[in-house]
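These are the residues of each chain, in order.
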Amino acid sequence: MNNQNIKTRTWLSILAVLITIFGLNFIVSKKTTSLSGVDLTEDKFYTLTEGTKSIIAKLDEPITLELFFSNSVVNKQNREVFEQYKTLYQYVQSTLMNYARVSNGNITFKEYDPKPFSDAEELANDYKIQRFELGNGKQAFYFGIALTSQTGKKEVIPFIPVEESGTVEYKITELIDNATRKEKKRLGLLTTLPVNGDGMSDYMRQMRQAQGQPVVQPWNIITELKEYYEVVDVPATTEKIEGVDQLVVIHPKNLSDATLYAIDQFVMNGGATIIYVDPFCSSDIPVGQQQNPMAAMAHPSSSDINKISSVWGLSLKEGLTMSGDRALMPERPNLIAIQNYTSESKCFNQKQIITQNMSNMTSIYPGVLEKSEITSNTIEPLITTSKTGGSWIAENTFVLRQPSEKLNDSFIPEDKEVWVAAMIRGKFKSAFPDGAPKENENEKAETEKPNETEENDADVPPHLKESASENIVIIVADVDMLSDDVAYQRTWFGETRPSNKNSAFLLNALQYTSGSTDLISVRSRGKFRRPFKKIEAQKKAIDNRIKEQENEFDEKQKRWTAELQELQNQSNSENQRLVDNETILKVNELNKKIEAQNRAKRKLNEQKEKEYEQLGNTFIFTTQFVMPILILVFGLIQYAIVSSKRKTAVQRSSKK
Amino acid sequence: MTAFKAVYKRELKGYFGTLLSYVFLVAFLFASSFWAFKNGLFDAGDASLTIFFTNLPYILAVMAPALTMKMWAEEHRTGTIELLFTLPITVKQAVLAKFLAGWTFFLFALLLTAPLPIWIINLGDPDIGAMASGYFGASLIAACTLAVGSFVSATTKNQVISFIIATLICMILIFANKVSAISALGAWLPTEFLNFIKTQSLMDHYELMKSGVLHVKDIFYLVVMTLGFLYCTNLTLEMKKA
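Quick note, the sequences are listed as chains A and B, same order.
Letter by letter, the first sequence follows residues 1 to 656 in the numbering used here.
Letter by letter, the second sequence follows residues 1001 to 1242 in the numbering used here.
Simulated from the structure, these hints should not be mistaken for lab results.
Just so you know, even glycine gets a beta-carbon here, dropped at the ideal spot from N, CA and C.
Please note: incorrect hints may appear among the correct ones.
What the hints assert, rightly or not - Here are the computed lysine-lysine pairs in the DSS-like style, where the Cα-Cα straight-line distance is at most 27 Å:
#, chain 1, residue 1, chain 2, residue 2
1, A, Lys253, A, Lys240
2, A, Lys154, A, Lys226
3, B, Lys1198, A, Lys115
4, A, Lys7, B, Lys1009
5, B, Lys1038, A, Lys610
6, A, Lys645, B, Lys1013
7, A, Lys416, A, Lys371
8, A, Lys540, B, Lys1038
9, A, Lys171, A, Lys153
10, A, Lys429, A, Lys465
11, A, Lys153, A, Lys53
12, B, Lys1038, A, Lys533
13, B, Lys1005, A, Lys115
14, A, Lys645, B, Lys1198
15, B, Lys1005, B, Lys1157
16, B, Lys1038, A, Lys86
17, B, Lys1009, A, Lys647
18, B, Lys1198, A, Lys110
19, A, Lys647, B, Lys1038
20, A, Lys128, A, Lys44
21, A, Lys7, B, Lys1240
22, A, Lys30, A, Lys7
23, A, Lys351, A, Lys44
24, A, Lys556, A, Lys539
25, B, Lys1038, A, Lys138
26, A, Lys647, B, Lys1070
27, B, Lys1038, A, Lys608
28, B, Lys1157, A, Lys7
29, A, Lys645, B, Lys1005
30, B, Lys1070, A, Lys534
31, A, Lys171, A, Lys351
32, A, Lys317, A, Lys387
33, A, Lys603, A, Lys539
What the hints assert, rightly or not - Listed next, with one range per pair, are the computed distances between beta-carbon atoms:
#, chain 1, residue 1, chain 2, residue 2, range
34, A, Ser13, B, Leu1107, 38 to 48 Å
35, B, Glu1074, A, Gln4, 21 to 31 Å
36, B, Glu1192, A, Leu15, 15 to 25 Å
37, A, Leu15, B, Ala1242, 13 to 23 Å
38, B, Ile1172, A, Glu230, 54 to 64 Å
39, A, Leu123, B, Ile1172, 26 to 36 Å
Model the full structure from these sequences, guided by the hints.
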């Protein structure tokens, strides 16, 4: 009985202990959820930035963040890309939990696995989360986020590509910011390039495409800008800029004084402006004449606003003066990066919030910005070459068609940081101190009736010689960095996304100049995915070697195909019966050679795949087998020693 | 203290002195690395150990009970437990000494996985902070699962039963946060109770650690669970002693 009592009491005690520890865990979890932990990651990925916290703190209504990720589908896939998505999903999930934690109950986090024919899948489709069909169409992959608020607002990130893992926090914060913002700011766009495409709405464009009519798509950068701003077209012949909060000028080629005056006065009136100029804009070649160097020479493709910007303190170096840098193309060290380069982090002003933590921008024939000493404005570089940069001058645009190696001789090494983008801040002085350009007034006087002149004079805003308060102008010496070819690429899933930070730079600059710094501090978080650099370098070396061999095969195949075509044309023009044996034999031989080349090319691809597989073999073998085998051998040796000692001891004791 | 050290050393010698322990180490090393590579540690092209750490709790949920199944059950079966308690050592000290010996052995096993991070550092540029945090979390999970195994081993004389029940408990703790499992219960249990179940999940508390974040609620959970189950072991042995 006593034993029974003890047992009962003990088991009750154990139960009490377990309930206590589970209860304590629950309470502590609840109470400490809003605290942030110690983030040991290098880039502090799991710590929300102050910008995010600031935006979350401004939430005035509860919102729900719903994550859709096809976990069950991904677990069944063997492809490498899905392994990357699994890792990214864990990070996104953890980040969203963080958002809910710091929101004081304003953010609810839910997640769904949209299995086929499930309610979750229906919900994902309702939200327009992007659906990617896999295999036989019975499975689909979803990875997106939907935001809903109590007042019925909906914002969606339809898809999170693995290549954009470093901007996940930014996208989510931006989602929240967009949902809570009352209205979009108006962004004026002044350009001499067809960046708006044919100027039609998306709906009209789709209608025309369905009817088989040609359409001209807007540049992707414009599509991206329209997500955040109400983009207002400002004609390149405008004499007045009004009704917009900020201004972007892209390729201000041959602008009239009247238009330059309009830009000047917009800046004087406190309108922040970002201007892209270019000594040679390869995007400004008339369609159909890209391969015509003579036409390229004749067509002017440079732009600048030196007439006004020089007064503010910054101008584009004249003529076809480009910037270049020895250090920016390490895979081709003998080549000075003249035509295009990818700016690494050392080329960005890390003290400036727009370019902090930035790396990887690409520019094509970037120009050189020079600072003028006459201004009292603060001028600081945003993007430069590295310390081994310099400049070079092309005689004419025809020269630019040559390969980079041939242009090396033109490079003037200055071994200094050459400016490619810079910011002017301060109280700007007008480049037209005497008011609107006189030629404008004279033309008006000739064309206008007296009544019109009086009415127009009433509309003309007063001329400002200086801006009343501090303003910002950013000038970038390359227009091509905004083009689709340079700034965007297609993903594995077939959608277009930025291939570098070119578009992010413009968006950062617009955010900064609008006074909103919260989002900028979130924008670039560094690298989330850390590749196996050595393996990637080895893969690249394999690719280059295989590519060389492939090119050789292609050359031969081209030659033989041409020969074959010639023989076939010859035999077609003569009477078939008169075609001699020699020709027939030659045709057969060429066909065999071409077939052999195709087989050789297939074998090359096979070889490439095999070499890829072998790359990690040493790593996998060592970690999977070598250590366990060593331990087993050590264990066996240890066992043998102990056994023999025991035997000896037993023998000794039995002898005694 | 002398008796405590003696028990600790004896247990540790037992772990390193038998061939079975080396087989255990080989099985742990092979299983952890094989499963990590199978789940895409190399194929994902990401120089990090996240996939390796994700699999570890499942491996520990089986390995820890395997290690602890004879910790007390064998002592009960052979009768050596009475001998143990004749030593100048309290039950608490004995429990702690055996647990620490087991944990030391497990930490040694984790140390033997060092070639993996070394290779990754050689091939890429991994986040060292995240790796350190993952290993720290793994050592705490090992402690927790060992404590569970120790408790179950103290309740029975049969090693197999000890292994099965301990593994079951560890698996329940790991899978407590699974959405599908919760939603099946969701129809007839209150939400707050479901949240309560979720917060008891080992995986839930390991999620941040393996990513590189040390949160007070996660460390609290693992420490309290470890100490709690060790105290339950102590209560069980006190009962058997009485």
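Against the structure, the hints:
1. Our distance criterion of 27 Å between C-alpha atoms is met by A/Lys253 and A/Lys240, whose separation comes to about 18 Å.
2. Note on A/Lys154 and A/Lys226: the hinted pairing holds, with a Cα-Cα distance of about 17 Å set against a maximum of 27 Å.
3. The straight-line distance between the Cα atoms of B/Lys1198 and A/Lys115 is roughly 22 Å, inside the 27 Å bound, and the hint therefore holds.
4. For a cut-off of 27 Å, the pair hint linking A/Lys7 to B/Lys1009 is broken: about 32 Å separates their Cα positions.
5. Between B/Lys1038 and A/Lys610 the CA atoms are separated by roughly 18 Å; this keeps the pair inside 27 Å, and the hint holds.
6. Proximity of A/Lys645 to B/Lys1013 is assessed by CA-CA distance (about 15 Å); at most 27 Å being required, the pair is judged to hold.
7. At most 27 Å may separate the alpha-carbon atoms for a hinted pair to count; A/Lys416 and A/Lys371 meet this at roughly 14 Å.
8. Under the criterion of a C-alpha separation no larger than 27 Å, the hint pairing A/Lys540 with B/Lys1038 is consistent with the structure, at around 25 Å.
9. Between A/Lys171 and A/Lys153, the direct Cα distance comes to roughly 17 Å. Compliance with the 27 Å bound is thereby established for this hinted pair.
10. At roughly 6 Å between alpha-carbon atoms, A/Lys429 and A/Lys465 fall within 27 Å of each other, so this suggested pair holds.
11. Pair hint A/Lys153 plus A/Lys53 holds up; C-alpha atoms about 21 Å apart against a cutoff of 27 Å.
12. Taken as a hint, the B/Lys1038 and A/Lys533 pair is honoured in the structure, with Cα atoms around 21 Å apart against an allowance of 27 Å.
13. With a CA separation close to 56 Å, the supplied pair B/Lys1005 and A/Lys115 exceeds the 27 Å bound.
14. Restraint check: the Cα-Cα separation between A/Lys645 and B/Lys1198 comes to about 53 Å, which exceeds 27 Å; the hinted pair is violated.
15. Between B/Lys1005 and B/Lys1157 the alpha-carbon distance is near 25 Å, which keeps this suggested pair within the 27 Å criterion.
16. Note on B/Lys1038 and A/Lys86: the hinted pairing holds, with a Cα-Cα distance of about 14 Å set against a maximum of 27 Å.
17. At roughly 23 Å between alpha-carbon atoms, B/Lys1009 and A/Lys647 fall within 27 Å of each other, so this suggested pair holds.
18. Note on B/Lys1198 and A/Lys110: the hinted pairing holds, with a Cα-Cα distance of about 14 Å set against a maximum of 27 Å.
19. Restraint check for A/Lys647 and B/Lys1038: not satisfied, since their Cα atoms lie roughly 44 Å apart, outside the 27 Å limit.
20. Distance restraint check for A/Lys128 and A/Lys44: the Cα-Cα separation of roughly 32 Å exceeds the 27 Å cut-off, and the hinted pair is therefore not satisfied.
21. In summary, the hint linking A/Lys7 to B/Lys1240 is supported, as the alpha carbons are separated by about 9 Å, within the 27 Å threshold.
22. Restraint check for A/Lys30 and A/Lys7: the C-alpha separation of about 35 Å exceeds 27 Å, so the hint is violated.
23. Distance restraint check for A/Lys351 and A/Lys44: the Cα-Cα separation of roughly 19 Å lies within the 27 Å cut-off, and the hinted pair is therefore satisfied.
24. A distance of roughly 26 Å separates the Cα atoms of A/Lys556 and A/Lys539; the hinted pair therefore holds under the 27 Å criterion.
25. Proximity of B/Lys1038 to A/Lys138 is assessed by CA-CA distance (about 25 Å); at most 27 Å being required, the pair is judged to hold.
26. The hinted pair formed by A/Lys647 and B/Lys1070 meets the criterion: a straight-line CA distance of about 26 Å does not exceed 27 Å.
27. At most 27 Å may separate the alpha-carbon atoms for a hinted pair to count; B/Lys1038 and A/Lys608 meet this at roughly 22 Å.
28. For the given pair, B/Lys1157 sits about 16 Å from A/Lys7 by alpha-carbon distance, which is consistent with the 27 Å threshold.
29. Our distance criterion of 27 Å between C-alpha atoms is met by A/Lys645 and B/Lys1005, whose separation comes to about 25 Å.
30. Restraint check: the Cα-Cα separation between B/Lys1070 and A/Lys534 comes to about 46 Å, which exceeds 27 Å; the hinted pair is violated.
31. For the suggested pair A/Lys171 and A/Lys351, the alpha carbons sit about 23 Å apart, so the restraint of at most 27 Å is met.
32. Restraint check: the Cα-Cα separation between A/Lys317 and A/Lys387 comes to about 19 Å, which is no more than 27 Å; the hinted pair holds.
33. Using a Cα cut-off of 27 Å, the hinted pair A/Lys603 and A/Lys539 holds, with the two alpha carbons roughly 17 Å apart.
34. For A/Ser13 and B/Leu1107, the hinted distance range of 38 to 48 Å is not satisfied, since their beta carbons lie about 31 Å from each other.
35. For B/Glu1074 paired with A/Gln4, a C-beta distance near 26 Å keeps the hint of 21 to 31 Å intact.
36. Distance hint check for B/Glu1192 and A/Leu15: the Cβ-Cβ separation is about 21 Å, which falls inside the suggested range of 15 to 25 Å.
37. Taking 13 to 23 Å as the suggested C-beta distance range, the pair A/Leu15 and B/Ala1242 conforms, at roughly 18 Å.
38. Checked against the hint of 54 to 64 Å, the C-beta distance between B/Ile1172 and A/Glu230 comes to roughly 55 Å, which is consistent with it.
39. Between A/Leu123 and B/Ile1172 the beta carbon distance is about 30 Å. The supplied range of 26 to 36 Å therefore holds.
Checked against the numbered hints listed earlier, the structure breaks hints 4, 13, 14, 19, 20, 22, 30, 34; every other hint is satisfied.
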